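K.L.:
These protein sequence lines map, in sequence, to chains A and B.
My numbering applies: residue 1 is where the first sequence begins, and numbers increase by one.
My numbering applies: residue 1 is where the second sequence begins, and numbers increase by one.
These are computed hints drawn from the structure, not numbers from a lab.
Since this is a predicted model, take the numbers as computed values, not measurements.
Any given hint could be a false lead.
Computed spacing ranges between beta-carbons, pair by pair [stated by the list, open to error]:
no. : chain 1 : residue 1 : chain 2 : residue 2 : range
1   : B       : Ala20     : A       : Gln123    : 56 to 64 Å
2   : A       : Asp314    : B       : Ser110    : 27 to 35 Å
3   : A       : Lys419    : B       : Ile32     : 55 to 63 Å
4   : B       : Tyr188    : A       : Thr74     : 43 to 51 Å
5   : A       : Lys179    : B       : Asp145    : 14 to 22 Å
6   : A       : Lys55     : B       : Thr64     : 51 to 59 Å
7   : A       : Asp217    : B       : Thr64     : 23 to 31 Å
8   : B       : Gly51     : A       : Ile44     : 51 to 59 Å
9   : B       : Asn139    : A       : Glu219    : 27 to 35 Å
10  : B       : Ala20     : A       : Glu215    : 49 to 57 Å
11  : B       : Gly51     : A       : Asp159    : 30 to 38 Å
12  : B       : Ala178    : A       : Lys55     : 54 to 62 Å
13  : A       : Lys121    : B       : Gly51     : 26 to 34 Å
A few chain A positions that, by computed beta-carbon distances, are all more than 10 Å from chain B [claimed, not checked]:
no. : residue
14  : Leu348
15  : Pro379
16  : Lys411
17  : Glu421
Reference excerpt, derived from the structure (chain B facing chain A, CB under 10 Å, subset only) [as the list claims (entries may be wrong)]:
no. : residue
18  : Lys11
19  : Asp44
20  : Trp149
21  : Thr197
A virtual CB, placed ideally from N, CA and C, is assigned to each residue, including glycine.
Next come the chains, spelled out residue by residue.
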Amino acid sequence: MKSSWATRALVCLAASALAGIGLVACGGGSDESGPRELTFFVAIQPGGTIEEVSKRCSEESNGKYTITPEFLPTDASQQREQLVRRLGAEDPSIDIVGMDVIWTGEFANAGWVEEWTGPLKQQVTENVFSNVIETASFEDKLYAAPFNTNTQLLWYRKDLVKQPPKTWDEMIEVAEGLKEAGSIQVQAARYEGFMVLANALIESAGTEILSGPEEVDLEQGPTEKALEVLGRLANGGAAPPSLSTSDEDTARLGFEAGESAFMTNYTFAYASAQAEAPEIGKVMGFARFPRVDANTPSKPPLGGFNLAVSSFSDNKDVAFEAAACLANGKSQKTAVELDGLPPSRSDLYTDKVVTEAYPGFAQLVKESIEASGPRPTTPAYQDVSLAVQRSLHPPDKIDPEDTESVFDELKENVEDAVKREGLL
Amino acid sequence: MKSERTRSERKLAWMLCAPAVLAMLLVTAYPIVYAVILSLQDVDLRFPDEGGFVGLSNYTAVLTSDLWWTDFFNTVFIMVVTVAIELVLGMAIALVMHRAIFGRGVVRTSVLIPYGIITVVAAFAWQFAFAPETGFVNNLPLISDEMDWFGGRFSSFAVIIMAEVWKTTPFMALLLLAGLVTIDGQLYEAARVDGATAWQRFTKITLPLMKPAILVALLFRSLDAFRVFDTIFIMTRGALDTESVSILGYNQLISRLNLGLGSAVSVLIFVCVFLIALLFVRGFGAKLEEGRPG
């Protein structure tokens, strides 16, 4: 008993020294009286949502537990890198994990996060969008409580364009015909954001990348139609000069600088434009993510965070309770109020907090989430994402007139990826 | 015949070395051996129930992949170009530092500043400088305002190489300076009496006598340059075929958690580094112990 405590203290000390953080995270013996100390590893939110909900839930627990947030970087790959290093080493100092929607299959299959069952499962999935529950599940089991979700809308300049375009083809045509600001901002650097775009185009075209954890779908006709849109955008006059290095932030900056009539981006773009570029903010219109096929409704991207309980936590019982509180409706309202993050509960979209955060487009956000096409759920997600990124980047390599060679490359790479074969 | 005394001295020497040897075994030999063992297995952290011994198939997968060879040649390209530029610049800086009459300490310290900056920080600074939206580089004369440096393969390489050269030239200069100070000043005086020009003195005296120092400097920098990671990771993340073998290893190990395949990449990088060292030591006769003329 004593030696294990000593080892743990030593590991904690070493870890804290290395990470340059305090010793706050290293408490948490289960046999102590007083509140149990839970550590919540999660991406930082600049508006202070995480601090606020951690504090509130700690208070509401009436001395049962206190939640200490440990912040991860804003970049999704860096968040995952820090988490997998700790979880891979079975680190008991993580109790609650803020999981990006794409990590569920991987973390669940590796045995790093616990399944949710019983009344708590009922509670955390009540009124939650079914697509969002799907992102928190793997093989029909729920592994996390949905917290915030996110989706992309089409943002456009009302002063330049009267009617928002319905399809990508139409949008590219309109943009190319504009004398000024004739570009379309998207996310096409070689990173996860490019996978988001590619997946949304493929889903909107009427097919999907995977139909099961190891089954590749990618029906040829619709996939080639999606690739054609990407190639046409990248090779035409509507591509901004730094298309192949663009991310959410460069897109936002380009739009706010008045360079672009169109942008696909997450909901934060609206509040950002109102604050950073009020002139553009005033004429900023919004619409559903455009269609790829004129007769098929689009399937917009879906993002967000779900809260899981680590399998290596010494406090699993209270951690479930705490995670359920952190993800409840009250917390979701805090997230939309402080950080503009869309709730994962559909019943909150008529709430004043939400309609104020998304003036005039709260219902559009809701519709967009309901219609969204989530990225594939598979333990080999990173492989699939790397394979898609490698096959399609830079997007201007896709010849819109002849998409077959890129299609073959994509399909072959994704097939290797689900089998986890070869280098990526 | 060894005397009693030499034997006991030997024993003492071993005992004095033992802590260092033990530490080296723990921190160097153990991870290397472990990586080799992992590279012969199918280990994936995401699939804890699968796996097992697979022989050399991870190595076959790596060596038959186009990606490995693209990244290998990218790495060699970056290594050769950066080390060549660094040698020329480093030599010039070493000569200046050697000749500096006043403020020697200040000159030597200020030259070292780039080397003291963390690579990631330096990479971000260079990336911001060259970014089309925020950087100052595109505002310079003769450079198009629209130039997207990280949108093309060779323009990306150019920035990566510039950042690497800026950062590590001081190290090269310092190693060369160490060789330069060992040359006897009388040789130059004698040459001058015989009427040798400055260029002749440089090529006939400085360079031949510095050969051991140059080789050691080249060896150290090549080994370092072959493992280039930070700058590329920050600037392009390996997009547009600018990936180095270290980034390839990172993708397999950290992104995919495929420890088998990733360890095979790591072991191959180790083999490459070993071969580079062998080439310098055996092929060119670099003497690692000291800058003694070979």
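K.L.:
Give a verdict on every hint.
P.N.:
How the hints compare with the structure:
1. Taking the beta carbon of each, Ala20 of chain B and Gln123 of chain A are about 59 Å apart, inside 56 to 64 Å as hinted.
2. Checked against the hint of 27 to 35 Å, the pair Asp314 of chain A and Ser110 of chain B fails, with Cβ atoms roughly 53 Å apart.
3. The given range of 55 to 63 Å is broken by Lys419 of chain A and Ile32 of chain B, whose C-beta atoms sit roughly 29 Å from each other.
4. The hinted window of 43 to 51 Å between Tyr188 of chain B and Thr74 of chain A is violated, with their beta carbons roughly 58 Å apart.
5. At roughly 19 Å, the beta carbons of Lys179 of chain A and Asp145 of chain B sit within the given window of 14 to 22 Å.
6. Between Lys55 of chain A and Thr64 of chain B the beta carbons are some 55 Å apart, a value that agrees with the proposed interval 51 to 59 Å.
7. At about 28 Å, the beta-carbon gap between Asp217 of chain A and Thr64 of chain B stays in the expected band of 23 to 31 Å.
8. As the Cβ distance of Gly51 of chain B to Ile44 of chain A is approximately 35 Å, the hint placing it in 51 to 59 Å is violated.
9. Remark: the range hint 27 to 35 Å for Asn139 of chain B to Glu219 of chain A is contradicted by a beta-carbon distance near 48 Å.
10. Against the hinted window of 49 to 57 Å, the Cβ-Cβ separation of Ala20 of chain B and Glu215 of chain A comes to about 55 Å, which satisfies the hint.
11. The hinted window of 30 to 38 Å between Gly51 of chain B and Asp159 of chain A is violated, with their beta carbons roughly 59 Å apart.
12. Distance hint check for Ala178 of chain B and Lys55 of chain A: the Cβ-Cβ separation is about 58 Å, which falls inside the suggested range of 54 to 62 Å.
13. Against the hinted window of 26 to 34 Å, the Cβ-Cβ separation of Lys121 of chain A and Gly51 of chain B comes to about 32 Å, which satisfies the hint.
14. For Leu348 of chain A, the condition that its CB be more than 10 Å from all CB atoms of chain B holds, with the nearest at approximately 34 Å.
15. With 10 Å as the threshold on Cβ separation, the claim that Pro379 of chain A sits away from chain B is violated: the shortest Cβ distance comes to roughly 5 Å.
16. Lys411 of chain A, annotated as away from the interface, keeps every beta carbon of chain B farther than 10 Å; the closest lies near 17 Å.
17. The Cβ of Glu421 of chain A does not lie farther than 10 Å from every Cβ of chain B; its closest approach is about 7 Å, which violates its non-interface assignment.
18. Hint status for Lys11 of chain B: violated, given a least beta-carbon distance of 34 Å to chain A, over 10 Å.
19. At its closest, the beta carbon of Asp44 of chain B sits 6 Å from a beta carbon of chain A; the interface hint therefore holds under the 10 Å criterion.
20. Hint status for Trp149 of chain B: holds, given a least beta-carbon distance of 9 Å to chain A, under 10 Å.
21. Annotation: interface hint on Thr197 of chain B violated; nearest CB of chain A at approximately 50 Å, more than 10 Å.
In terms of the numbered hints stated before, the structure departs from hints 2, 3, 4, 8, 9, 11, 15, 17, 18 and 21, listed from lowest to highest.
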